[in-house]
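Q: Sequence:
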Amino acid sequence: ILEVEIGVVGGEEDGVDNSATDHAKLYTSPQDMIEVYKALSPIGGRYMLAATFGNVHGIYKPGNVVLKPKILKEGQDEVVKQFGQKAYFDLVFHGGSGSDIADIHETLEYGVVKMNVDTDTQYAFTEPIVAHVDANRAVLLHTATEVADKKKFDPRSYLKKCEENMAKRVTRACQDLRAEGKTVWR
Numbered sequence: 001i002l003e004v005e006i007g008v009v010g011g012e013e014d015g016v017d018n019s020a021t022d023h024a025k026l027y028t029s030p031q032d033m034i035e036v037y038k039a040l041s042p043i044g045g046r047y048m049l050a051a052t053f054g055n056v057h058g059i060y061k062p063g064n065v066v067l068k069p070k071i072l073k074e075g076q077d078e079v080v081k082q083f084g085q086k087a088y089f090d091l092v093f094h095g096g097s098g099s100d101i102a103d104i105h106e107t108l109e110y111g112v113v114k115m116n117v118d119t120d121t122q123y124a125f126t127e128p129i130v131a132h133v134d135a136n137r138a139v140l141l142h143t144a145t146e147v148a149d150k151k152k153f154d155p156r157s158y159l160k161k162c163e164e165n166m167a168k169r170v171t172r173a174c175q176d177l178r179a180e181g182k183t184v185w186r
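Each residue of the sequence shown is one higher than the one before, counting from 1 in our numbering.
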């Protein structure tokens, strides 16, 4: 399966900072989606489209991101109108971390089958590390008079909690996407 992205996802990811991008570019137009269909349909095969609707990489305070999921519906409607139901896209929600559950559920109505939550999973992994360091700071490092506590600085003492916390976040993402027990193949 090929995944393609059109438009600009705001925020910063992998050293690419789109935070100063013209906000109009954060919203894919129906014409953009039509052009993707025209370009990819002759190739055939299965692909997913990450169309932008105000989504951003990273996580922000409430109100700083203005998602417009209806853009996905408008694009889907226009593509299907011109090319038939076979043209209906499987959509991807890039920059889903921190998104409101109502917005997530609305995107599902318009064809979203996958959502990226990298920032949320990074945070879920880091949170137990911070708690571990805060609780054990006094015994994590050697001092002039004491040696550190190996049971506390051994990464195995806290990485299991990191993995468990990340797994909980991934599970919640599956629940948010109403994806439990489903695959893209049915």
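Incorrect hints may appear among the rest.
Unchecked claim - Once the Cα atoms are required to be at most 25 Å apart in a straight line, the calculated BS3-like pairs of lysine-lysine come out as:
#1 Lys161 with Lys150
#2 Lys86 with Lys114
#3 Lys114 with Lys152
#4 Lys86 with Lys38
#5 Lys81 with Lys38
#6 Lys150 with Lys86
#7 Lys25 with Lys38
#8 Lys160 with Lys86
#9 Lys86 with Lys168
#10 Lys73 with Lys182
#11 Lys151 with Lys114
#12 Lys86 with Lys70
#13 Lys38 with Lys73
#14 Lys114 with Lys168
Don't read these hints as lab results, they were simulated from the structure.
Just so we're clear, the structure is a prediction, and the values are computed from it rather than from any experiment.
Q: Is it true that the CA of Lys38 sits at most 25 Å from the CA of Lys73?
A: Since the Cα atoms of Lys38 and Lys73 sit roughly 18 Å apart, the hinted pair holds (cutoff 25 Å).
Q: Has the given pair, Lys151 with Lys114, been kept, meaning a C-alpha gap of at most 25 Å?
A: At roughly 40 Å apart (the allowed maximum being 25 Å), Lys114 and Lys151 break the hint.
Q: Need the status of pair Lys86, Lys114: alpha-carbon distance at most 25 Å?
A: 19 Å, holds
Q: Within a Cα-Cα threshold of 25 Å, do Lys86 and Lys168 meet the stated pairing?
A: Judged against 25 Å, a Cα distance of about 36 Å means the pair is violated.
Q: When you check the alpha-carbon spacing of Lys114 and Lys168, does it fall within 25 Å?
A: Between Lys114 and Lys168 the Cα gap is close to 17 Å, so the pair holds against 25 Å.
Q: Hinted pair, alpha-carbon criterion (25 Å max): Lys160, Lys86. Please report holds or violated.
A: 45 Å, violated
Q: Does the structure keep Lys73 and Lys182 at a Cα separation of 25 Å or less?
A: 22 Å, holds
Q: Please verify whether Lys114 and Lys152 have alpha carbons no more than 25 Å apart.
A: Between Lys114 and Lys152 the Cα gap is close to 38 Å, so the pair fails against 25 Å, i.e. violated.
Q: Given the hint that Lys81 pairs with Lys38, does the C-alpha gap stay at or below 25 Å?
A: Given that 25 Å is the threshold and the Cα spacing comes to 13 Å, the pair holds.
Q: Would you check the hint for Lys86 and Lys70, treating anything up to 25 Å between C-alpha atoms as holding?
A: 20 Å, holds
Q: Lys86 and Lys38 were given as a pair; does the straight-line alpha-carbon distance stay at or below 25 Å?
A: Judged against 25 Å, a Cα distance of about 13 Å means the pair holds.
Q: Would you mind confirming whether the straight-line C-alpha gap from Lys25 to Lys38 stays at or under 25 Å?
A: 21 Å, holds
Hints 3, 6, 8, 9, 11, counting from the list given before, are not met by this structure.
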